[in-house]
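In the UniProt record's numbering, the protein residues as written are 1 to 411.
Keep in mind that the hints were calculated from the coordinates and are not lab data.
C-beta atoms are modelled at their ideal positions from N, C-alpha and C, and glycine is treated no differently.
There's no promise every hint is true.
Stated by the list, open to error - Think about it this way: if two alpha-carbon atoms lie no more than 25 Å apart in a straight line, the pair counts; the simulated BS3-like pairs of lysine-lysine are:
hint : residue 1 : residue 2
1    : Lys-296   : Lys-268
2    : Lys-343   : Lys-296
3    : Lys-296   : Lys-78
Said to hold, decoys possible - Pairwise CB distance ranges (calculated):
hint : residue 1 : residue 2 : range
4    : Gln-249   : Gln-224   : 46 to 56 Å
5    : Arg-227   : Thr-51    : 13 to 23 Å
6    : Ala-382   : Ala-316   : 32 to 42 Å
7    : Lys-343   : Asn-226   : 24 to 34 Å
8    : Gln-249   : Thr-51    : 40 to 50 Å
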Amino acid sequence: MPFDLTTAAAVLVFVATYGVVAFGRAPFVRIDRAGAALAGGAAMVGLGVLTPEDAFAAVDHNTIVLLLGMMIVVANLKLSGFFALVNAAIAARVRHAFTLLVAVALAAGALSAFLVNDTVCLVMTPLVMALVLKLKRNPVPYAIAIAIASNVGSVATITGNPQNMIIGSLSGVPYATFAATLAPVAAAGLALTIVFVAVAFRREFLSNGAFAPADDEAAAARAQVNRPLAIKTGLVAAAMVAAFFLGAQIATAAIVAGAALLLTRRVKPARVWAEIDWPLLVMFAGLFVVTAGVEKALITPDVVKAAGRLALDDTAVLSLVTAALSNVVSNVPAVLVLEPFVKGLADPQRAWLVVAMASTLAGNFTLVGSIANLIVAERARAFGVDVDFWTYFKVGAPLTLATIAVGVFLV
Numbered sequence: 001m002p003f004d005l006t007t008a009a010a011v012l013v014f015v016a017t018y019g020v021v022a023f024g025r026a027p028f029v030r031i032d033r034a035g036a037a038l039a040g041g042a043a044m045v046g047l048g049v050l051t052p053e054d055a056f057a058a059v060d061h062n063t064i065v066l067l068l069g070m071m072i073v074v075a076n077l078k079l080s081g082f083f084a085l086v087n088a089a090i091a092a093r094v095r096h097a098f099t100l101l102v103a104v105a106l107a108a109g110a111l112s113a114f115l116v117n118d119t120v121c122l123v124m125t126p127l128v129m130a131l132v133l134k135l136k137r138n139p140v141p142y143a144i145a146i147a148i149a150s151n152v153g154s155v156a157t158i159t160g161n162p163q164n165m166i167i168g169s170l171s172g173v174p175y176a177t178f179a180a181t182l183a184p185v186a187a188a189g190l191a192l193t194i195v196f197v198a199v200a201f202r203r204e205f206l207s208n209g210a211f212a213p214a215d216d217e218a219a220a221a222r223a224q225v226n227r228p229l230a231i232k233t234g235l236v237a238a239a240m241v242a243a244f245f246l247g248a249q250i251a252t253a254a255i256v257a258g259a260a261l262l263l264t265r266r267v268k269p270a271r272v273w274a275e276i277d278w279p280l281l282v283m284f285a286g287l288f289v290v291t292a293g294v295e296k297a298l299i300t301p302d303v304v305k306a307a308g309r310l311a312l313d314d315t316a317v318l319s320l321v322t323a324a325l326s327n328v329v330s331n332v333p334a335v336l337v338l339e340p341f342v343k344g345l346a347d348p349q350r351a352w353l354v355v356a357m358a359s360t361l362a363g364n365f366t367l368v369g370s371i372a373n374l375i376v377a378e379r380a381r382a383f384g385v386d387v388d389f390w391t392y393f394k395v396g397a398p399l400t401l402a403t404i405a406v407g408v409f410l411v
């Protein structure tokens, strides 16, 4: 394969862009992940690697529309006080530290199975931290449980996290098939999460673990709920999920649900728009273009054929490669990089399910392994709670290996 200037430019732009996406910053300039992806996409066009038409075609609009629709639904759930209501239910019923851990992990995992896990972490962390500190418990294990459980739970469906949304669009795997295959992995992973966190912080759960239910906290949370909006949003969200399972086009169902929730007299649209993660949408669009550029310039049929020597048709090998790549460049970029190789495998749909499983669970390996982890750490820090790298690592690393092993067995 000739390595000309265009190919060199594509590789340079790809490495620079994914470097910033992986580390979240660049030397000498102030640029974030979204800015790097946008600049990388523009560079692919400006340097002649892609035409403007190629760049536009490279963006998977189904993924962008799906993510936007889900963000609108989640924004309305947040504004209605739905998450505060979940927290109130936990506060009113738990009477022991271990029961609290189970409730927090299951709530984070279940919500992340159908809603975007990053948003679940953004909303749940401050609510749970406030509750745990009021109960005078060690908040660190509960923060770690939110991060890990949200990642594990999000494995279950296409709408659980951004990389699954991309995989759903690229693979064509039906929502119900995806869930039937990976929900058991998520369920087993949540059980392992509870066990690993409980063992790592056994003093918190074995010594003086009983406490009185926080009824005042629950009452305060219920007072925040906008019941009409919560009921409306809950019904729309339930209809949306039902449409997913019944085989509706996922992006269409999500954006229709989002549009329906914008038709309201109770919430100013500006409040909803303020909850949308616009930089994430920009980052996705840019990464689609950057990946298309390097694929066109570098990933030729010969390269794909050579990759066949890695035996990616083997579930264990593909899981290992995916997990390793996800911890180098992050899970969303890893999925995009693997796309030309996966679609050439003997059973691409099954391979995509393996990639979804491994790329998501790999995010639990370190504190910086996923955006969800970083969100929890930052939101917890606002309450004076320090989730440091090594404290997280002693739970996350072995748990990642265990859950991926379970995933390899079940998928």
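Quick rundown of the hints versus the structure:
Distance restraint check for Lys-296 and Lys-268: the Cα-Cα separation of roughly 44 Å exceeds the 25 Å cut-off, and the hinted pair is therefore not satisfied. Restraint check: the Cα-Cα separation between Lys-343 and Lys-296 comes to about 15 Å, which is no more than 25 Å; the hinted pair holds. A distance of roughly 41 Å separates the Cα atoms of Lys-296 and Lys-78; the hinted pair therefore is violated under the 25 Å criterion. Hint check: Gln-249 to Gln-224, Cβ distance near 35 Å, so the stated range 46 to 56 Å is violated.
In this structure, Arg-227 and Thr-51 break the distance hint of 13 to 23 Å, their C-beta atoms being roughly 53 Å apart. A hinted range of 32 to 42 Å holds for the C-beta pair Ala-382 and Ala-316, which are about 41 Å apart. The beta-carbon spacing between Lys-343 and Asn-226, approximately 45 Å, falls outside the hinted interval of 24 to 34 Å. Roughly 28 Å separates the CB atoms of Gln-249 and Thr-51, a value that falls outside the hinted 40 to 50 Å.
In the structure shown, a violation is registered for the earlier hints numbered 1, 3, 4, 5, 7 and 8, in ascending order.
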